[in-house]
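Novice: Top line first, the protein sequences correspond to chains A and B.
full-length UniProt numbering applies: residue 1 is where the first sequence begins, and numbers increase by one.
full-length UniProt numbering applies: residue 1 is where the second sequence begins, and numbers increase by one.
Label-pair distances were calculated between CB atoms; the ranges are:
id, chain 1, residue 1, chain 2, residue 2, range
1, A, 780, B, 830, 37 to 45 Å
2, A, 211, B, 265, 39 to 47 Å
3, A, 567, B, 722, 21 to 29 Å
4, B, 559, A, 315, 42 to 50 Å
5, A, 224, B, 559, 31 to 39 Å
6, B, 419, A, 392, 43 to 51 Å
7, B, 830, A, 367, 31 to 39 Å
8, A, 762, B, 749, 33 to 41 Å
Hints listed in this document are in silico derivations from the structure and should not be mistaken for laboratory results.
Glycine residues also receive a C-beta, built at the ideal position from the N, C-alpha and C atoms.
Number of protein chains: 2
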Amino acid sequence: MTNLYITVLSKSYIYFFNILFSICSQIVMIIKCISTFPAVIYATSPSSPLMHSPPLSPQLLNCLTPEENTGCQHGLYFQDGERRVDYILTYHIKKPSSSRSNRQSSRFTDNAFTRSLRRGTARLGRTPPPQPRGDPEVASQDHSMDYHVDDKRLHREEFEGNLRDMGMELEKDEDTKTPGVGFVKIHAPWHVLCREAEFMKLKMPTKKVYEMKQSTGVGAKINTLVNKVTEPLYPNVEDNRTQNVKHLSYMFSREKQHLFDLSDRDSFFDSKTRASIVSVTVSSRSSMTCGPCNACYVLTFCCSVFQLLYEEWASYSVFYKYQPIGLVRKYFGEKIGLYFAWLGLYTQMLIPASLVGVIVFLYGCATVDDNIPSMEICHPKNNITMCPLCDRACSYWKLKEACGTARASHLFDNPATVFFSIFMALWAAMFMEHWKRRQMRLNYEWDLTGFEEEEVSDHPRAEYELRVMQKSLKKEHKTQKIGVTFAIVFGVILYRISTKTALHMSNNPTTRSNVRLTVKTTAAIINLVVILILDEVYGAVARWLTVLEVPKTDKSFEERLIFKTFILKFVNAFTPIIYIAFFRGRLVGRPGSYLYVFESYRMEECAHGGCLMELCIQLSITMLGKQLIQNNLFEIDQYFSKKLQRYETDHFLEPFAGLTPEYMEMIIQFGFVTLFVASFPLAPLFALLNNIIEIRLDAKKFVAELRRPVAARAKDIGIWYNLLRAVAKVAVIINAFVISFTSDFIPRLVYQYMYSPDGSMHDFVNHTLSYFNVSNFQDGKEPMDPQHQVEMCRYKDYREPPWSNTPYVISKEFWAVLAARLAFVIVFQNVVMLMSDIVDWLIPDIPKDISLQIHKEKILMVELFMKEEQGKIQFIDSMIPCGGKEKRNNHAPIARSRSIPHTHSHTHANNF
Amino acid sequence: MTNLYITVLSKSYIYFFNILFSICSQIVMIIKCISTFPAVIYATSPSSPLMHSPPLSPQLLNCLTPEENTGCQHGLYFQDGERRVDYILTYHIKKPSSSRSNRQSSRFTDNAFTRSLRRGTARLGRTPPPQPRGDPEVASQDHSMDYHVDDKRLHREEFEGNLRDMGMELEKDEDTKTPGVGFVKIHAPWHVLCREAEFMKLKMPTKKVYEMKQSTGVGAKINTLVNKVTEPLYPNVEDNRTQNVKHLSYMFSREKQHLFDLSDRDSFFDSKTRASIVSVTVSSRSSMTCGPCNACYVLTFCCSVFQLLYEEWASYSVFYKYQPIGLVRKYFGEKIGLYFAWLGLYTQMLIPASLVGVIVFLYGCATVDDNIPSMEICHPKNNITMCPLCDRACSYWKLKEACGTARASHLFDNPATVFFSIFMALWAAMFMEHWKRRQMRLNYEWDLTGFEEEEVSDHPRAEYELRVMQKSLKKEHKTQKIGVTFAIVFGVILYRISTKTALHMSNNPTTRSNVRLTVKTTAAIINLVVILILDEVYGAVARWLTVLEVPKTDKSFEERLIFKTFILKFVNAFTPIIYIAFFRGRLVGRPGSYLYVFESYRMEECAHGGCLMELCIQLSITMLGKQLIQNNLFEIDQYFSKKLQRYETDHFLEPFAGLTPEYMEMIIQFGFVTLFVASFPLAPLFALLNNIIEIRLDAKKFVAELRRPVAARAKDIGIWYNLLRAVAKVAVIINAFVISFTSDFIPRLVYQYMYSPDGSMHDFVNHTLSYFNVSNFQDGKEPMDPQHQVEMCRYKDYREPPWSNTPYVISKEFWAVLAARLAFVIVFQNVVMLMSDIVDWLIPDIPKDISLQIHKEKILMVELFMKEEQGKIQFIDSMIPCGGKEKRNNHAPIARSRSIPHTHSHTHANNF
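Just chain A, same shape as in the assembly:
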């Protein structure tokens, strides 16, 4: 037992050290970059706005203290102090030496690396280099661009005229404290909001209120009890308490205005809705989202919602609480709300998975002493001499030496892991189903039922191609980066080759073993680094491929890009793991005739305990490393200046670059959690710990670090759901193969039921070892330094013994075990797939209470209109001659006296 623990501990120490080392080297690299890169950046962008934004005092969102609230409100209104600023457009104004700075600022879009660099610079308190204001070269450049700038200005003014024609009210502010940037503040007056809301078919709450059905009797009591117990888990937000009443919602239309409570026109449409109305209008006038302007954004709105979000959501101190999703949606819109709801559910679902994972791991720890094969290996009387693992350089060794590894690999290679991988496959199916239900519930709560997804950017071809051009131009600076990463990748490859060569060149055994050790310990970390670098490369490759394809619409562009990026990143992240799981240690040949590729490069072999242990190590390093490095856990400091207008402060925040990177990271993680669970039962636990931080980190980013994005409506998470399904499907197959081929589960079973004399595992180790007669070594292949003198040595394989008619040929046992392994794969795959389908089929996609509520709402709506119709019917009759020219029955008022009892829910209710 102690032997085992020492081995495990020493191994894990080594790897923990390695992780630390990798992080340190990463930090060193970042610091080095910080001290060299900014110069490069400044060379091309002499006046990056962030760099010279005045006093960088680390002062946190001062608008949140009530005293300064009015200060924060500064810039939220037009000059008259009445009209609210709903939307901001920025453009660069023709001032020498600043016209380019702005273009530069727009280039800082979704480049995470430069972003972190800038953050780093700010953190280190470095003062930016002085701006070359009077640089004659820049001035002359500007001069030559005058015509271009004028043209742009004309274009912009025409655009602004268009907006005014549509009823928008605009106010310009060119004389800000931010040089080179002009701001256009847009206010949408009431009648424009009404009109556009009608056109956008926005569902708004009506005056009609109804009571939600409450469970009664025992159910209610249990409910109250549960609510009390889980009380501390809910955020201190009114919003997501169980409310008993709900406003009926109906598509806003001016003709049905009386249905809505319009007493407070300022708050009927909230800031999110106002902004999205203006945004839709702006983008409808142009093929670009922001028209001819550089950027457009919504103001960070210092209301109670924002403050609540900051306190009850974007804070590590509330990590154990549910998220106030309703509030998130209220402030950021449905699309971002859905992301966080999804992330929340995923994290929540990870709790039972981690629990079971930990139990499985503990089971492995507890049963390690009952494991007969490892006991036999470690037995003091065990005197099996093993054949050398390589030609010449290696020597004979005693099986006892593999005792530690054998015991350790039992932790991940026991029947419980088979159970666990079935459990995780079903868990994935459950997660999918739960998400469908949660989504449906949110759709209901957010009044999205019946809303058809808009293909906002369904622009026809010609115009669209222009946009793709612009897009690809925008991304051109990425090629630079690609060059750098390629250099790094090449370096890594060179390093590996040279170490390998060193290993083969040297004749000194000590040097050899040293080199070997170094190679082994650094291999996993190098893998990780290569993965991280290739991630960036593949992202660029995917974009390039998608641009080549020229898909017809923006939406399909995005989906194709996501799909390709995902495939490449996924393959990238899992290739080394799949190599270890399924290829390493296969086809190594046998002692005396080991297989060589390209004459000198031998196929790698795993340690005696099987490759499962190594797989586990590689998995944990990749997963933990990725998480640690990609989630740089540094606090985000925000720099606000009281002297700036609100819209200027927001201008210096980074633009919102979409949810793709967030989803991508999570789905790769989902892959780690499901794909190789059979070999790494602690993966869900690590994912859980990471996600608890991730939620708050993302929240902080959205609340304080990014410009507030325009609220987008969405019913679902789109292509990500399909990718999740695909990962879950692949996971079933991969787990089947890991259990049957990487672990020793099947050989043990076969031995127990086919070969064992007494049905026990005794003598299993002996059964898996074949014999080799040392006299069969070819010249030059026998060990140079044989520490043991033996006649027969053993090796792990199923081959005929030297004394059979066909020595060293693959034996019958091999084929029997292979057949059993393949049969297991078929059975496992189909049974698990069937079970997943059954789970899918058993859990209804729409929660029962929600479908009842939707139904009830429809009935109430019909009732409302019925009442109305009775009053209005004569009026309509007199105005429109529908019922007026009937041959019969035309003068009688259409008495639509349908009483709709509570138990009745006839078709008309559904038709409404």
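On the provided structure of chain A, position chain B as indicated by the hints.
Specialist: This is chain B only, laid out in the frame that chain A set:
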């Protein structure tokens, strides 16, 4: 070659004879039933309306000749000759001895057997037994039911009052020529139609017409050419020619009346729409579809549409033409239209599948002489003596005797079948995708885009349970039938057991072989009969199980019922086939120690050529037999009497019982086409031939034999699509197993690449045969009548020879072949599944031209409303104070002067 053909021909003659025999016996059975069953039926239903419907002159739909058109129109209008009858309700009126007959008539719903019986009776010209009009027992029964009848009448009158309150106009006709049946004719006046159409959100064509985009240049020319070539394939119907213009459709509303062309009010809502409007109103007033009445239906409407349908659709003479789907939908509604569109596409898709299937079959025929294994078996010098196939009774035999079977099985067991089953898996995926696209196209053409499926019968619990009760009561008479079928099944089992026993009891070898032959030839047919009978039983079992479940809504009731019925019928149809494919001939033991189950019952073995041949025979018999018997191909005669009113004639037609049986039959057929294609490449051809007849048969049934059903709207084919997908999935796995385990494909491959000395198939037969030393026979197991005296005999298995250390133990070759087989299953399943997914992903669900058209329509609609808005805006402003009380900008008219250029398709277009 001749040898082969003789074998195949003789085999096929035998089986063809068997099929004929089965059909004959089936017919005999039906005739027997006819002469015995009616008595049973009459005992419970003394006055079945069909039986006494007056002069049964076989006169075909006389309304079709224009002279008699007016005669046909008799009864289509109210007494005033003006108001059209939109809907009919029937009830039984209180007259002695007839009150029950009607109830009985409503029992004749979806019972195919009694239906065919009745049809059979009619065909045979048998006069029905005299009705027991004056039966005192019946009269007394009626007397006791007087109170109940009065209660019912009151209930009905209240219901009629309700309908009148809602604006419906009713006319009663109790004095018809049909005794005991009262008719309520319903007419919906214009204002009611308008109101209900608005509530049902019916999309109606507007006045606005637009040109469909026509391809230009080379595309147009090719198009014209293709159209000319395929000209004769199109039915002579205006409807589905490529029309250049299309009416924009918009949800009908009285407020937007000016959009629609209401010049001809009589034809604005067609008869189908009028009827469905009335039907929805009727069912909304009651929990039952027909209110308190017995039956409700739409009149068969003798218009040009009906005539066209009869000539261009429901006729065998147009079997090679496309169906006039638009017309079908116009007359029967979307749900039935979709069924026929689906059936049409399926049949069309079967054409390439049958072609490839025939080619694969011909390839098998052509290469039979190049097949080395069968050549070796048939070689004159081949002198291998085989071991007896059973203990004692059987004798040694020469391998040469298996020559015919070996050659025949090559037809179905060659590399082409592997290709074919991959092809069919992809074909199934393609079919699915094509259907999705076709569905989308139809949705567009039928103006269903944006229509949300109504859960018409989403009735809450209490009320619903009553309906289930009534439903289950209605079906109670089924239990009777079940009793009969159980008796039959039991009889069959007894027969099989007794023949088996006879076989084992007799010591006379001639008797034995005779019995064996009889059992073999009758086995397949008995299987078929059992399948047909169990089909009925399982239908009842599924219904019973579903009633036990008490699902919440009607829709879920139907879906669960369909699902269960499908599972049971599917298992029933394929159990014997799966038995032959995967279990027969496995685990038979070896000569000298054959395995016995229950001491005396030996596991069945296949002939030497493998079980594939037998599988093929069983498949073809089951499939062809099912098709021949279930589609009784007799012409349907229709009995119309000029003296009856239209609604009375329709009353004697059978009610429409839903599309479930039609879909079910087709999906089981789809199973035959896809599940075992590897062993029966001609299945698609047989399915194709069957479906060409099936389409016209179903069409005839719908046009002339059934009451015209109420048009139901549907966007898709619902649960059937999921079942198709499931079948296609299962097909992949089954085919993988058939290829690897039932055929000799894998053993041949393994021999060729692992054991063959020269890489050819020479000596393969010898390799698959193991040796048996006849001295190893246990006492009493050696052949009684050894025709050949040998020392060693051979048997087909991979076992160690008698001279090895472990004689008769499963050999290494066995395990190697098994591993190869299992590996093939894994590879095949995953590759084919992946390819299907790729097909699914590559083919977009919405055809490009349709998505463009939908988009264009939306833009046109917005344009239309924009124009309108400009004219109406002041009017609305003055009426509703939305834009009127603004602080600013309120007096200027809201000039919504968005010009929408052709290349522009901004968001608002989508929002409409």
